[in-house]
Each structure stands twice: as structure tokens, then as C-alpha cells.
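Line by line, the protein sequences are chains A and B. Residues in the first sequence are numbered consecutively from 1, following this note's numbering. Residues in the second sequence are numbered consecutively from 1, following this note's numbering.
Among the hints, a few may not be true.
Each pair of labels, with its calculated beta carbon distance range [claimed, not checked]:
1) B:Leu-48 / A:Ile-150: 41 to 51 Å
2) B:Gln-104 / A:Phe-35: 17 to 27 Å
3) B:Asp-101 / A:Asn-174: 17 to 27 Å
4) B:Ser-109 / A:Leu-33: 14 to 24 Å
5) B:Ser-109 / A:Asn-174: 20 to 30 Å
6) A:Ile-150 / B:Arg-56: 48 to 58 Å
7) A:Leu-165 / B:Ile-64: 39 to 49 Å
8) B:Val-117 / A:Lys-173: 33 to 43 Å
9) A:Gly-146 / B:Glu-61: 28 to 38 Å
Capping the alpha-carbon separation at 20 Å, the derived lysine-lysine pairs in PhoX-like fashion look like this [said to hold, decoys possible]:
10) A:Lys-2 / B:Lys-69
11) B:Lys-65 / A:Lys-69
12) B:Lys-95 / B:Lys-110
13) A:Lys-141 / A:Lys-65
14) A:Lys-141 / A:Lys-130
15) A:Lys-69 / A:Lys-130
16) A:Lys-141 / A:Lys-69
17) A:Lys-130 / B:Lys-65
18) A:Lys-172 / A:Lys-36
19) B:Lys-105 / A:Lys-36
20) B:Lys-95 / B:Lys-105
21) A:Lys-36 / A:Lys-173
22) A:Lys-141 / B:Lys-65
Derived from the structure by calculation, the hints contain no laboratory data. We put the beta carbon where it would ideally sit given N, CA and C, even for glycine.
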Amino acid sequence: MKMLIYGLITGIAFGFLLQKGRVLRYDKQLGALLFKDMTIIKFMLSSVLVGMVGIYLLVDLELAKLSIKTTLLGGNIIGGLIFGIGWGLLGYCPGTSAGALAEGRWDALWGIIGMLVGAAVYAEAFPLMKQTVLTWGDFGKITLPGILGINHWVVIAIVVIAGLLLFSFFEKKNL
Amino acid sequence: MADLSTNDGGWSPYLAGGLSGIVSILSVWIAGHFLGASTTFVRTVGLLEDFISPERVAQMEYFIKTTPKIDWQWMFVVGIFIGALIAALSSKSFKWQGLPDLWQKRFGSKSQGKRAVFAFTGGAIAMYGARLADG
Chain A
1 MKMLIYGLIT GIAFGFLLQK GRVLRYDKQL GALLFKDMTI IKFMLSSVLV
51 GMVGIYLLVD LELAKLSIKT TLLGGNIIGG LIFGIGWGLL GYCPGTSAGA
101 LAEGRWDALW GIIGMLVGAA VYAEAFPLMK QTVLTWGDFG KITLPGILGI
151 NHWVVIAIVV IAGLLLFSFF EKKNL
Chain B
1 MADLSTNDGG WSPYLAGGLS GIVSILSVWI AGHFLGASTT FVRTVGLLED
51 FISPERVAQM EYFIKTTPKI DWQWMFVVGI FIGALIAALS SKSFKWQGLP
101 DLWQKRFGSK SQGKRAVFAF TGGAIAMYGA RLADG
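In isolation and in its complexed conformation, chain A is listed as follows (with noise of 0.2 Å):
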């Protein structure tokens, strides 16, 4: 009960910064896939940066741990390619078409039924996944500091860096 209590105040919070971040348009998320508005990856990168510099020092304070996922990659990368054109098609993403439709754009409702029915496609295709996709490059549980051999505040700094260099561009290009 408690939990569900803590995923409703975080979720309140994340929707409410995800309107007011005006990310949960259809024009902000195609403006991104057309490479004329940023405002998506600003959110996003941003919210990864800071993410990542206060999970890692919770992490070196042992007060969490990292939730890794296999790095496997036939499903990464199909499965990724599939969803850009979902996602193209759709202007909208998953967690995002319920706060797209909280802001009274309706066409998101489409997409949530599409995606519920995706959902139950994907379901009843996973044995059959799980013996083709699912078993093609799978390199486990990685991190690029595990992989790199080094410290992984090393790896923060250079993706912080180069974020911060990304965000300059985009505003020198007015994106």
C-alpha cells in the first residue's frame, strides 16, 4: 500500500514537470524526430544528468542500488528500431500519452488503446521471441564503467561534458 501511495506522489510530481516542461506535445515530440526542436532531448538529457550524478552518489553512500538491465542486442536493437516507428507515427510515448491526454489532447487515447493492444500482441509473441530475438547478443548485465575498466565518476564527468557541450549547440542552432 505504501508503495503505491509513493508511485502516485512520484508520479504526480514527474507529470506535473513534464506539462510544465511542455514535453507532452505531439509537435515537441515529432519537432525532436524532425531535428527542429529539442525541447525533448533538453528535458530528457537533463533529467538523465542530474538522475545519474544523484544515483551514483546514493549508490558510492550505499543508500540504493542500480536496477541494470541485460544489455542483449537483438531485442535493443530491433526492438528499438520498431519503436521509433511507432513512436513517429504515434507523437507520443508510453509513459507521456497519459499526460498528453491529462492536457486535453484526445488524439493520445488512440495511442493508449494501441499501445494496450501492442502490449497484448507482444504477450502472446514472447515464446517465440524468447527463442529467436531474446537469445541474439546477449552480453548480460554491463556497465561502460565495467566494460572500460575504470572509475565510474570518470564516465559521469565525460557524459556530463559532453551533455553540457550538446545543450550549447542546440542553443547556438536556436533548436
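Got chain A; can you put chain B on it based on the hints?
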């Protein structure tokens, strides 16, 4: 430095994004949960199918792995709806719109049917890909 607000009353995506990073840190710290949304669609459709045919759902490998139930992430997605609603209503940026501006510019203002087909198909394809990539 970029402005901290946009011309339509929104916040800078750097500010809103950075704050959402803090939300994710607090979530991992306090609840031990990383943010995500797509598993919720699996659980929801599992709950719907369970309503129709519980015997079948109980045998399906994917629903054994991802149990149809209301969990932290399910409430997180509900929360996104509520939070976005609060932000939109309190800033008067709520807009009842079935055809996005950019879409209308390309396909015209009478393309509701086409939008429904594109959005539905796109949603189904996107979710299949997201699950395959374990995203």
C-alpha cells in the same frame, strides 16, 4: 544561459528536466523504484484479459513473468495523468484537441480518421518494440 521560461508560460526544459531528475533520485532513494511506464501497459492488458479468461492468462509465460496487478509503476502512470492535469489546468494551458497543430498543417483539419488509424497503429508498434527492447 537559456531563459528559465518559455514564451507560452511553460518552464525551461532544462529546469523542468533537471527537477524531474531530482524526482527520480528521490524515488530511487525513498522507494527503491526507477521511473518507467511501459510495463504498466502489459499489466493493464493482462488485468483485462484476466477478466475475460483467467485460465488462459495463468498459463501465458509473459503474464507469469509480468504479473497482471496494480503496482508502484501502475500508480506512477496514473500520477502522471493527475500531475499533468494539475499543471495544465492551473496554468490555463489545457487544450481539448484531437488533431495536433503540426499534424493539421500536414494532413488538414478533417483528418480525424487518419489520425485515429496512425495513432492506434503507432501505439501498437511502439509498445511491441518497447517490450522487445525491455524498455
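For each hint, the structure was consulted:
1. B:Leu-48 / A:Ile-150: 41 to 51 Å: For B:Leu-48 and A:Ile-150 the Cβ distance comes to about 47 Å; the hint holds.
2. B:Gln-104 / A:Phe-35: 17 to 27 Å: holds, 21 Å
3. B:Asp-101 / A:Asn-174: 17 to 27 Å: The hinted range 17 to 27 Å holds for B:Asp-101 and A:Asn-174, with Cβ atoms some 19 Å apart.
4. B:Ser-109 / A:Leu-33: 14 to 24 Å: holds, 22 Å
5. B:Ser-109 / A:Asn-174: 20 to 30 Å: Since the Cβ atoms of B:Ser-109 and A:Asn-174 sit about 29 Å apart, the hinted range of 20 to 30 Å holds.
6. A:Ile-150 / B:Arg-56: 48 to 58 Å: holds, 49 Å
7. A:Leu-165 / B:Ile-64: 39 to 49 Å: holds, 46 Å
8. B:Val-117 / A:Lys-173: 33 to 43 Å: holds, 35 Å
9. A:Gly-146 / B:Glu-61: 28 to 38 Å: holds, 30 Å
10. A:Lys-2 / B:Lys-69: Holds. A:Lys-2 to B:Lys-69 sits at ~15 Å (cutoff 20 Å).
11. B:Lys-65 / A:Lys-69: With a Cα-Cα distance of about 15 Å, the restraint between B:Lys-65 and A:Lys-69 holds, given a limit of 20 Å.
12. B:Lys-95 / B:Lys-110: The given pair, whose Cα atoms are some 18 Å apart, holds under the 20 Å limit.
13. A:Lys-141 / A:Lys-65: holds, 14 Å
14. A:Lys-141 / A:Lys-130: holds, 17 Å
15. A:Lys-69 / A:Lys-130: holds, 16 Å
16. A:Lys-141 / A:Lys-69: Answer holds: A:Lys-141 to A:Lys-69 is near 6 Å, not above 20 Å.
17. A:Lys-130 / B:Lys-65: holds, 12 Å
18. A:Lys-172 / A:Lys-36: Satisfied, since the Cα-Cα distance of roughly 13 Å is no more than 20 Å.
19. B:Lys-105 / A:Lys-36: holds, 15 Å
20. B:Lys-95 / B:Lys-105: holds, 18 Å
21. A:Lys-36 / A:Lys-173: Holds. A:Lys-36 to A:Lys-173 sits at ~10 Å (cutoff 20 Å).
22. A:Lys-141 / B:Lys-65: holds, 19 Å
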